[in-house]
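Q: If you want the building blocks of each chain, they are given just below.
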Amino acid sequence: MSAGDVRLRVQKVCLSFGGVQALSDVSFEVGTSEILAIIGPNGAGKTCLVNSISGFYTPQQGDIYYKNHEITGLAPYKIASRGIARTFQNIQLYSGMTTVDNLMAARHIHIKPSLLSSAVYFGPAHRREIQHRKVVEDIIDFLELESIRKKVVGMLPYGQRKKVDLGRALALEPELLLLDEPMAGMNYEEKEDMARYILDIFDLRKIPIVLIEHDMGVVMDISDRVAVLDFGRKIAEGTPEEIKVNQSVISAYLGDAGF
Amino acid sequence: MQPCGTFNVDYARDMAILRTRTQWVLTIGGLVLLFTLPLYLSDHLLGMINMLGIMIVAVLGLMILTGYAGQINLGQAAFVTVGAYASALMTTRLGMPFWIAMPLAGLSTGLVGFIFGLPSLRVKGFYLAMTTLAAQFIIPTLIAHVRTDITGGGRGLTVPTPHLGDIVLNSQTAMFFVIVTVVVLLTFIAKSLVRGPIGRAFVAIRDNDLAAEAMGINVFRYKLLAFFVCSFYAGIAGSLYAHWMRFINYDILTIMDSIWYLGMMIIGGMGSITGAIVGPIFVYALDQGLTWGANQMGGTFATLPATLPAAIHVMVFGIVILLFLAFEPRGLNHRWEVFKAAYRLTPFSY
Ligand SMILES: Nc1ncnc2c1ncn2[C@@H]1O[C@H](COP(=O)(O)OP(=O)(O)OP(=O)(O)O)[C@@H](O)[C@H]1O
Ligand SMILES: [Mg+2]
Numbered sequence: 010m011s012a013g014d015v016r017l018r019v020q021k022v023c024l025s026f027g028g029v030q031a032l033s034d035v036s037f038e039v040g041t042s043e044i045l046a047i048i049g050p051n052g053a054g055k056t057c058l059v060n061s062i063s064g065f066y067t068p069q070q071g072d073i074y075y076k077n078h079e080i081t082g083l084a085p086y087k088i089a090s091r092g093i094a095r096t097f098q099n100i101q102l103y104s105g106m107t108t109v110d111n112l113m114a115a116r117h118i119h120i121k122p123s124l125l126s127s128a129v130y131f132g133p134a135h136r137r138e139i140q141h142r143k144v145v146e147d148i149i150d151f152l153e154l155e156s157i158r159k160k161v162v163g164m165l166p167y168g169q170r171k172k173v174d175l176g177r178a179l180a181l182e183p184e185l186l187l188l189d190e191p192m193a194g195m196n197y198e199e200k201e202d203m204a205r206y207i208l209d210i211f212d213l214r215k216i217p218i219v220l221i222e223h224d225m226g227v228v229m230d231i232s233d234r235v236a237v238l239d240f241g242r243k244i245a246e247g248t249p250e251e252i253k254v255n256q257s258v259i260s261a262y263l264g265d266a267g268f
Numbered sequence: 040m041q042p043c044g045t046f047n048v049d050y051a052r053d054m055a056i057l058r059t060r061t062q063w064v065l066t067i068g069g070l071v072l073l074f075t076l077p078l079y080l081s082d083h084l085l086g087m088i089n090m091l092g093i094m095i096v097a098v099l100g101l102m103i104l105t106g107y108a109g110q111i112n113l114g115q116a117a118f119v120t121v122g123a124y125a126s127a128l129m130t131t132r133l134g135m136p137f138w139i140a141m142p143l144a145g146l147s148t149g150l151v152g153f154i155f156g157l158p159s160l161r162v163k164g165f166y167l168a169m170t171t172l173a174a175q176f177i178i179p180t181l182i183a184h185v186r187t188d189i190t191g192g193g194r195g196l197t198v199p200t201p202h203l204g205d206i207v208l209n210s211q212t213a214m215f216f217v218i219v220t221v222v223v224l225l226t227f228i229a230k231s232l233v234r235g236p237i238g239r240a241f242v243a244i245r246d247n248d249l250a251a252e253a254m255g256i257n258v259f260r261y262k263l264l265a266f267f268v269c270s271f272y273a274g275i276a277g278s279l280y281a282h283w284m285r286f287i288n289y290d291i292l293t294i295m296d297s298i299w300y301l302g303m304m305i306i307g308g309m310g311s312i313t314g315a316i317v318g319p320i321f322v323y324a325l326d327q328g329l330t331w332g333a334n335q336m337g338g339t340f341a342t343l344p345a346t347l348p349a350a351i352h353v354m355v356f357g358i359v360i361l362l363f364l365a366f367e368p369r370g371l372n373h374r375w376e377v378f379k380a381a382y383r384l385t386p387f388s389y
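Line by line, the protein sequences give chains A and V.
Quick note: the first sequence uses my numbering, first residue 10, plus one each step.
Quick note: the second sequence uses my numbering, first residue 40, plus one each step.
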């Protein structure tokens, strides 16, 4: 890949917690137009990788570049406002807010509110709200969340909350989307829906997506490339077809259901 | 929740604070009634309403910080004291008019609150409660002992009566108009704030600070902003208090008042501006009613020990609040919302 085609470059990243080496020397690139799947057994370090990219963990070694600018060690809110959005494996919503407000809250980086402009809810402040609400309503339409628009999300079933989590990431209008196991714990139909949403996002928004997923069927269907982590190391990378027949991947997954 | 048959055809309608004609009429009617109260009420009652108005301002600030942004504050009364002194010193020592001293008292108290909010970078919940509790002890001590030539120390400070042109605002009625106008204005600002992007950022931090950070919200900055706004309100409340009482001392308000503010906020309903108004009204009315009852009892049964009526007063008060927390922990505002929903959706609930 030439420099212009790279949205994200992870370079020799090492991350450890005391004695636990969560990531060792992990490098890969994400292009401007691809769905990259990252797979690996439980505890392989996939979530740690997402946390390192989104700024929650600072790697002890290695660098991360986004659009050719270094973002290693930046605060998460800064990374988000540069255009990297993520979802959480164990859903992290604003449980007391409605679906609409969860998504509206994610418009923050585009609103950049000031105290004075927000102290009087009239004219300009009202128009600004309406304009951002429009963006949010489009996402609600897209993810078919109309019926739970005004419901407090803490009460929603798991599958719905996963969708709200995705919707909230989309409301940031990101230029790189990191999805940490968006289909975990879903039934077959819900998985199908989610896969369709991911492909639609990719088609309509033209943004690269990093997809962490356990379900190999889904990964092979929708990703352009696959990287495999095992015990914090990248053990393989390639097209889904190459990964399917890769010997070290097979042995890492030996006995793992679904492969 | 809206009345049957009222649909929000566009977002503009859906997002306005007042949505139906009835809401507008009620609001305007209520305001007219409020501002004509001096026509019907005695000076004694107006004095009570003035006190209540000042408490509402303090609780509004606390509601934004604790009810919305989720940062506990056990020192709101100390911040009100800061505002009272700031305003009193600006008018007595610097000769400023009350109308300039009041907003400046708000801003300088906001700054003090900001400083006490700095530990929120590192500590949360219980530990943060301790740092705000520290404010409650440090601030009165400083006022009583440091530069007593300026602050008056333990002797207190006499505060000049505010003027409006040639009119001296030295009656309960005159101060009623000042206080109620400020309450209405600050209620509108509080409502605007929580309704918009800053309010959402506050609630996001309260509900999940990790996610808030991941969604581009500078959590620390917004916590500090919440502390600033909360103590700005406290500063305004303090300024009103000083110029209404016209005498202040370092111990005009204590930790008990801070706890009462929290109690009023919880009873009103966390995370609701309406709650910040009905909470203080409910608690203050109950308190005054019980005081009156206790006095009646003392008068009727002169043989009872003199302390008994007061003790019963405190006990009844405690029990009412306990029952409240047990049966309506979401506060008066929640009960009101449930009632409204039931009324509006009758007979078709869909
Ligand atoms: N905050 C932390 N402190 C200590 N150890 C951690 C921490 N976070 C992760 N680890 C360890 O790092 C390793 C990688 O964890 P990670 O959550 O990234 O795995 P994963 O690939 O996402 O697994 P899963 O498929 O179960 O989600 C694990 O051994 C985990 O115990
Ligand atoms: Mg994980």
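One or more hints might be untrue.
Okay, the calculated beta carbon distance ranges per label pair [what the hints assert, rightly or not]: (1) LEU203/V with VAL129/A: 16 to 26 angstroms; (2) ASN99/A with LYS379/V: 29 to 39 angstroms; (3) ASP147/A with GLY204/V: 16 to 26 angstroms; (4) VAL129/A with LEU76/V: 17 to 27 angstroms; (5) GLU155/A with THR220/V: 22 to 32 angstroms; (6) GLU146/A with MET295/V: 14 to 24 angstroms.
Result set (DSBU-like, lysine-lysine): computed pairs, CA atoms no more than 30 angstroms apart in a straight line [to be verified]: (7) LYS121/A with LYS230/V; (8) LYS230/V with LYS159/A; (9) LYS159/A with LYS200/A.
Read the hints as simulated data drawn from the structure, not as lab findings.
Backbone N, C-alpha and C define an ideal beta-carbon position, used for all residues, glycine too.
Q: Out of the numbered hints, which ones does the structure contradict?
A: 3, 5, 6
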